[in-house]
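Asker: Each chain, letter by letter, is given below.
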Amino acid sequence: MNRLTMLGWLAIALIAVGSVLGLVVLPADALQGEVQRLLYVHVPVAWVMMLAFFVVFLMSILYLVQRRLKWDLLAVSAAELGVVAAVLTLILGTLWGRPTWGIWWAWDPRITTTALLVPIYTGYLVVRSMAEDPDRRARWAAVIGLIAFVQVPIVYLSVFWWRSLHQPPSSPQSMWSAYGLVMLLGFVAYTLAFAYLWLRRYRLAATELELELSGPEEG
Amino acid sequence: MNDHWLFIGAGYGITWVALCWYLLRLRRRERAVAAASGRGGEGARAGGPG
Amino acid sequence: MNLAVVAEGVTRRFGRRWALRGVDLAVPRGAVVALLGANGTGKTTLLRVVSTLLRPTAGRVQVLGHALPAGEDEIRARAAFMTAGGHAYEELTGVENLRFAARMSGKTASDDDLRGALAAVDLGGAADVPVRAWSTGMRQRLELARLRLRPLELVLLDEPFVSLDEDGVGLVHEAVRGWREAGAAVVIASHRVDDATRHADEVVRLVGGRVAAGTA
Amino acid sequence: MSALARRAAAILWKDILSETRTRQGFTAMLSFAALVLFMFSFAIGVDNDLLGRLAGGLLWVAIVFTGTLSLGRTFQNEELAGGTRLLRLYPGDVRAIYLGKLAGNLVVLAALEVVLFPAAAILYGVDFAAQAGPLLLVAALGTFGFSVIGTFFSALTVHLRARELLLPLLLFPALVPVVLASVGATEAFLAGDPLGRATGWLRLLASYDVILFVVCVWIFPVVLEE
Chain Z
1 MNRLTMLGWL
11 AIALIAVGSV
21 LGLVVLPADA
31 LQGEVQRLLY
41 VHVPVAWVMM
51 LAFFVVFLMS
61 ILYLVQRRLK
71 WDLLAVSAAE
81 LGVVAAVLTL
91 ILGTLWGRPT
101 WGIWWAWDPR
111 ITTTALLVPI
121 YTGYLVVRSM
131 AEDPDRRARW
141 AAVIGLIAFV
151 QVPIVYLSVF
161 WWRSLHQPPS
171 SPQSMWSAYG
181 LVMLLGFVAY
191 TLAFAYLWLR
201 RYRLAATELE
211 LELSGPEEG
Chain G
1001 MNDHWLFIGA
1011 GYGITWVALC
1021 WYLLRLRRRE
1031 RAVAAASGRG
1041 GEGARAGGPG
Chain X
2001 MNLAVVAEGV
2011 TRRFGRRWAL
2021 RGVDLAVPRG
2031 AVVALLGANG
2041 TGKTTLLRVV
2051 STLLRPTAGR
2061 VQVLGHALPA
2071 GEDEIRARAA
2081 FMTAGGHAYE
2091 ELTGVENLRF
2101 AARMSGKTAS
2111 DDDLRGALAA
2121 VDLGGAADVP
2131 VRAWSTGMRQ
2141 RLELARLRLR
2151 PLELVLLDEP
2161 FVSLDEDGVG
2171 LVHEAVRGWR
2181 EAGAAVVIAS
2191 HRVDDATRHA
2201 DEVVRLVGGR
2211 VAAGTA
Chain Y
3001 MSALARRAAA
3011 ILWKDILSET
3021 RTRQGFTAML
3031 SFAALVLFMF
3041 SFAIGVDNDL
3051 LGRLAGGLLW
3061 VAIVFTGTLS
3071 LGRTFQNEEL
3081 AGGTRLLRLY
3091 PGDVRAIYLG
3101 KLAGNLVVLA
3111 ALEVVLFPAA
3121 AILYGVDFAA
3131 QAGPLLLVAA
3141 LGTFGFSVIG
3151 TFFSALTVHL
3161 RARELLLPLL
3171 LFPALVPVVL
3181 ASVGATEAFL
3191 AGDPLGRATG
3201 WLRLLASYDV
3211 ILFVVCVWIF
3221 PVVLEE
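Residue numbers (the numbering used here), protein chains in the order written: chain Z, 1 to 219; chain G, 1001 to 1050; chain X, 2001 to 2216; chain Y, 3001 to 3226.
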């Protein structure tokens, strides 16, 4: 078994352990009851989403500086995972919000901003799929990856001013309990899962590009 | 309280489904690429730079 | 430095397509080089690389003493690239198009200068007519007038004879002679062998993105 | 005047000249904007109070929709004239192209707003004139932010196949701060700014304008490469 595969199995095992702990072993939260269990997935997945988009940003800058297609492939791999994580975050968030707040959708800054990230990075992926020359495609994508990441904090801030309802992040004091440890496990597990999927997606993208470039010549 | 387990189950379930879906999709694409590179590999190499 | 352009192993690929596969080119100052080849053999791509529009995938290019991609600005100020389709705004008249070109090049040209440049290419009568009403041959002449606005050390002409009548072709030849006498290097890319080689000091033939035959 | 400003002015002059020669584009845009304003009344109903309260939001949505249509044409006239890349052949910083096109979009949008604000005032029964000064500032900042992002993305999408679809897809999420802040400030001023929230919105709008302007100007040369 190579190292990447091992990483994958480790991530899956940790996610499984975290699921069992979160679903069965831990008692219900004193304040929020059973629904709290959703946060052990929701928060780490949201973290993975932010991590993924940050990676897109970094890889975009690296591409613009060095102009190596490798960085572009790493960026698109992260962007794809970021969009999946964003959609998942939204679904988990609404599932948690319905019993907690009594509504499916709150126009809260974090939810709204996350919802806006989906079209932004979908646009990123669509623009990539439109260009045939790999260099052009990488250049356009890198520009969008960079601009998008600059916008996000301000989009967040503007929605925050517009309306705020979301509960603040847990304070450090509550983190070092059994709940905190399960949450920490979730962060580690989902980060490893991201790393695994990211590298595997990158390998696929590299092979695909090689295939695209070495195919029978046109024109 | 009981109906909260519906939401919790849905949340955990969807996460696992999403994970499996993405993995399966990756695997399908990897296989497609492997099959394509097996077929077109030779002819392609002739198109390289002179 | 008596070479205006030195290109070594210039390669450019567009995805799967290799437009240039290792082209070497040397253009001395005060010389005319004819770049021949059928459509799609990389003539335009090579000119785009030399004109600083396009970065090559591999290879080294030195233009007017600057190793690309450095000095692009300096090169653009002293070189000109006349593209096949031309560059004119439909709603603007001949004079207005030229005035725009002059302003973009950082030159202040008086109305008389602009009209003079147009008259020199037999467009005097069309100076105040919007380009929308012009024929393709007239647009090609406008390109020629645009190049005459400023002194040039390197002139790249992409299919300059297309859609020109006999007088128009004569104007191009006259201009090419003028640039050579002034010590500028001229590259003419065309598939019209007779016209392209009339003043050529050197002939380069591209086939499939490679140089096929050298000096003549 | 610096070389950069002179060349940006040349592009602005050329675009405005072209625009005034045809004018169909602008007339169509105005009619579209008027239609959007009408559609809102049809959707909401003839409740003058409600329309008055929503006026700020409706107005900005009309500006964004109409502006997006006009943005698509920013670089298309260059493609008709032989290609945006040919502009890069002129010596000097290519950022002049961005600045010139940005100025052009500002002029077009300003002309649109000159008609749209009075039209909205009449249709929705709001008194913009009472707060003319502050509202002018909001309109200026909002229009600037819209143009900064819009000009940039229209340069980015001009070579794409489905640009009519992709421009709004990239543009609208980026416009969220501009729209929220412009609407927020407009409504606050229209209500006489009782909570003093307008300055906050203006500050947010101004910071977003500045940050995006700097980033767009800085990275624009990469967009124009080929």
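No lab work stands behind these hints: they were computed from the structure.
Some hints could be false.
Chain Z side only, calculated, beta carbon under 10 Å to chain G, not exhaustive [stated by the list, open to error]:
(1) 6
(2) 8
(3) 23
(4) 137
(5) 193
(6) 200
Which bits of chain Z does chain Y cover? Going by a derived footprint, with three or more residues having C-beta under 8 Å, they are [what the hints assert, rightly or not]:
(7) 122-128
(8) 139-147
(9) 151-160
In silico contact screen, one side only, chain Z against chain G (beta carbon under 10 Å); selected entries [said to hold, decoys possible]:
(10) 12
(11) 13
(12) 15
(13) 37
(14) 80
(15) 96
(16) 99
(17) 110
(18) 177
(19) 181
(20) 185
(21) 208
Cβ coordinates follow ideal geometry from the N, Cα and C atoms, glycine included.
Asker: Determine for every hint whether it applies to the structure shown.
Answerer: Outcome of the hint check:
The interface hint given for residue 6 of chain Z is broken, as the beta carbon of that residue sits about 15 Å from the closest beta carbon of chain G, more than 10 Å. Below 10 Å, beta-carbon pairs count as interface contacts, and residue 8 of chain Z has one with chain G at about 8 Å; its hint therefore holds. Here the hint on residue 23 of chain Z is kept, as its CB sits about 6 Å from the closest CB of chain G, short of 10 Å. Nearest Cβ of chain G to the Cβ of residue 137 of chain Z: about 18 Å, over the 10 Å cut. The hint is violated.
Here the hint on residue 193 of chain Z is kept, as its CB sits about 7 Å from the closest CB of chain G, short of 10 Å. The interface hint given for residue 200 of chain Z is met, as the beta carbon of that residue sits about 6 Å from the closest beta carbon of chain G, less than 10 Å. Using a Cβ-Cβ cut-off of 8 Å, 4 residues of the region 122-128 of chain Z lie near chain Y, which meets the minimum of three, so the contact claim holds. Coverage of the region 139-147 of chain Z by chain Y holds. Counting CB-CB distances below 8 Å, 7 residues qualify, and the rule asks for three or more.
Given as covered by chain Y, the region 151-160 of chain Z passes the check, having 6 residues with a CB less than 8 Å from a CB of that chain where 3 are the minimum. Using the Cβ-Cβ criterion of 10 Å, the hint placing residue 12 of chain Z at the interface with chain G is satisfied: the shortest such distance is roughly 8 Å. Interface restraint check: residue 13 of chain Z against chain G, minimum CB-CB distance 13 Å, threshold 10 Å, status violated. At a threshold of 10 Å, the smallest CB-CB gap from residue 15 of chain Z to chain G is about 7 Å, leaving the interface hint in force.
Interface restraint check: residue 37 of chain Z against chain G, minimum CB-CB distance 5 Å, threshold 10 Å, status holds. Hint on residue 80 of chain Z holds. Least Cβ distance to chain G is approximately 9 Å, under the 10 Å limit. At about 7 Å, the closest approach between the beta carbon of residue 96 of chain Z and any beta carbon in chain G falls short of 10 Å, and the interface hint on this residue holds. Contact between residue 99 of chain Z and chain G, as hinted, is supported at the beta carbon level, the nearest pair being about 5 Å apart and thus within 10 Å.
The interface hint given for residue 110 of chain Z is broken, as the beta carbon of that residue sits about 17 Å from the closest beta carbon of chain G, more than 10 Å. Look at residue 177 of chain Z: its Cβ only gets to about 20 Å from chain G, farther than 10 Å, so that hint breaks. With a cut of 10 Å, the hint placing residue 181 of chain Z at the interface with chain G is violated, because the nearest CB-to-CB distance is about 18 Å. Taking 10 Å as the C-beta contact cut-off toward chain G, the hint placing residue 185 of chain Z at the interface is violated, the least distance being around 14 Å.
With its C-beta approaching chain G no nearer than about 6 Å, residue 208 of chain Z sits inside the 10 Å limit, and its interface hint holds.
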